Every structure is written in structure tokens, then in C-alpha cells.
Amino acid sequence: MKAPAVAVVVAALVLVPGALACTPRASQAALESRLVCIECHTTLDESDSPFANELKAEVARRIALCQTEKQILDAMVAEFGKEVLSTPQTHGFDLIAWVLPIGGILVGAVALAFGARHWSRVRGARVDSTQASGLTPEDELRLDEELARFDG
Amino acid sequence: MRALRAAAVASVLALLGLLVWDLVHQNGPGVAAKVDKGKAVPAPELVLPRLSGEGNLSLASLRGKVVVVNFWQSSCYPCKLEARDVAAAARAWEGKEVVFLGVDAQDLKSSARAYMKKYNITYPNVRDALGKTWPKWGVTGVPETFFIDRRGRVVPPHITGQASREKIDAGIRRALQS
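Top line first, the protein sequences correspond to chains A and B. Heads up, the first sequence is in this note's numbering, so the first residue is 1 and it goes up one at a time. Heads up, the second sequence is in this note's numbering, so the first residue is 1001 and it goes up one at a time.
Since the hints were derived computationally from the structure, they do not count as laboratory data. Be aware that a few hints might be false.
Sample of chain B residues facing chain A (criterion: CB under 10 Å; computed from the structure) [as the list claims (entries may be wrong)]:
(1) Q1073
(2) S1074
(3) W1093
(4) Q1106
(5) L1108
(6) K1109
(7) L1130
Nothing here was measured: the structure is a model prediction, and the numbers come from that model. Glycine residues also receive a C-beta, built at the ideal position from the N, C-alpha and C atoms.
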């Protein structure tokens, strides 16, 4: 009777962890690109330092615990602060990091448009005045007088 | 157009201001370089959360005693090599006006605590999650060990790399005499 009992225990030990295991809810590769190795200032997927490897192992351990990407990122931020994230967050104060460059580009584009409009107007006005006569009223009067004298 | 020109000039001036501010606020080589030249320099402020237990620990609160400040990281190999010697020295000098302070940097809390347990480290340790204290002290890697005299000055020697029991004892004796 002892042999079947041992077999059951062995089967339970083998099968139960498998049954308890869950479908991963986060991707190791995605998380490694979103987290920074603080020591080497690169993303985890670009680093092979002991510290980066330790963080990778921690991420793998948390994925095995069925944690979501957000839960893992939150845990890392709780441990190291926002500096551990490779991209700034899209809410709160970090939003400035996204808004400022886009705002800068927009302001630059508007300034460029105004400038281009202004310059084209000035140039147009100069062309118009040149095409109209190209001479000041005094010069025109003088030219008329000269021509009249020449004809006369 | 005048407004546009003024805005451009203001932007350039603001960027120049940022550059000057950055240059002024750079830490330089830190105390390590001066100590290595044989100078005694005031210890930089160090207030960090305790690795075990609650609250912060301030280096200033240890004034009046010789303090051995050891910077380490659990994934660093030379740190593991020196850990038993540092822990043994801390026990040997306990109650003799000498205290040890470990500064764990750029480390997972769980790994750091496991390291402390493994090497039987019982002296106070603080956690510098991002290694922000390093520039002030001039730490360029771990492990590094500094000695602070009773007056709160960092005094030579400054040990870079694995610290032996002999080096630690010699550093403490020198700090006690300064």
C-alpha cells in the first residue's frame, strides 16, 4: 500500500505546481525595454551588467507570479523611483516631457509660418512698387521734362 | 517681428542660464580625491532610509565617534569578498567609540537584505536606491570605504576595492588619533 501512496505524493508534487501556474500576463522583452539599468544608464535589454541581470531576474520572478506589466513597473518605481523607467509617464508632472517638445515644434511652426508670410508680403510690395514705375515722382517728372525737351 | 526677435533672444538667454546653473551645481571630484591627497575634509551630508527597519539614518547623528562608511552593492563580487572581514571588524570595534555604516546603492531591497543576512552584517545600513550620494563622496565604484574622525572629517586612508581586516583596523586607528 505504501508504493501507491508515494506515487500519489510524487504526482501531486509534479502536477500541482503546473496546475497552479498561470498564463503570463506580461512580456519579459517588453519590460526589459521599459526599464533602465540605473548603474549603466541603458535599458535592461541593452545591458548585461550584474545589476541589470539581477533586475531581469526580478522581472522574470514577478512574471512567474502572474503579475501584470503595470504591477511590475509599479513595483520597480516603488523600489527605485521614476528614474527606473525608460520613458516618462504620460500623466502628472512627467507629461511635460511629452508636451514640451511637441509644443515647441508647434510654436516653431507657427513662428515660421508668420515669418514666411511677413517676408513674402514685404517682397511682394517691393516687386509691386518696382513694377509700377521703378521711379520716384520727382524722377518721373524730371524724365517727362527731359523727354518733352528731346521731342521739342 | 520685434516680439519674435525678443522671444528668440530670451530663449537663448534662458538656455545660457541653464548651462551656467548646471556648471555651478556640478559636484566635482568629491571628497575622495582630496582624501587621497592626504587632506581631511568635512564629511558630506548623508541622510538615507535604513535598509532594515523604519526611518532615516543621518551620518551627523553619529558625530563624536569614528565612523567607517562602507559603500557596497549585493551583486558586486569584491563586496562579497570583503563582507565577512567588514562584519568581523564591526563586531571587534563595537563599543570602542567606533561605528560602522553601510551604504547600499543601486540594489534591490530583497537582494540587499539577503546579502546582509548571508554575511551576518549587523551594523546599520542605509539604502541609496539611485546612488545619488556617490558624486559628493567621489565614489566611482563599489566597494569603497571611508573613515570619519570624531570631528566629522573624512580622513585618509580611503580604501577603493576590497578592504582587508588589516586595512580597516589601520584606518580606524588613524582616525582615532586624528
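Cross-check of the supplied hints:
no., hint, verdict
1, Q1073, "holds (7 Å)"
2, S1074, "holds (8 Å)"
3, W1093, "violated (30 Å)"
4, Q1106, "holds (5 Å)"
5, L1108, "holds (6 Å)"
6, K1109, "holds (6 Å)"
7, L1130, "holds (6 Å)"
In summary, the structure is inconsistent with hint 3 from the numbered list given earlier, while agreeing with all the others.
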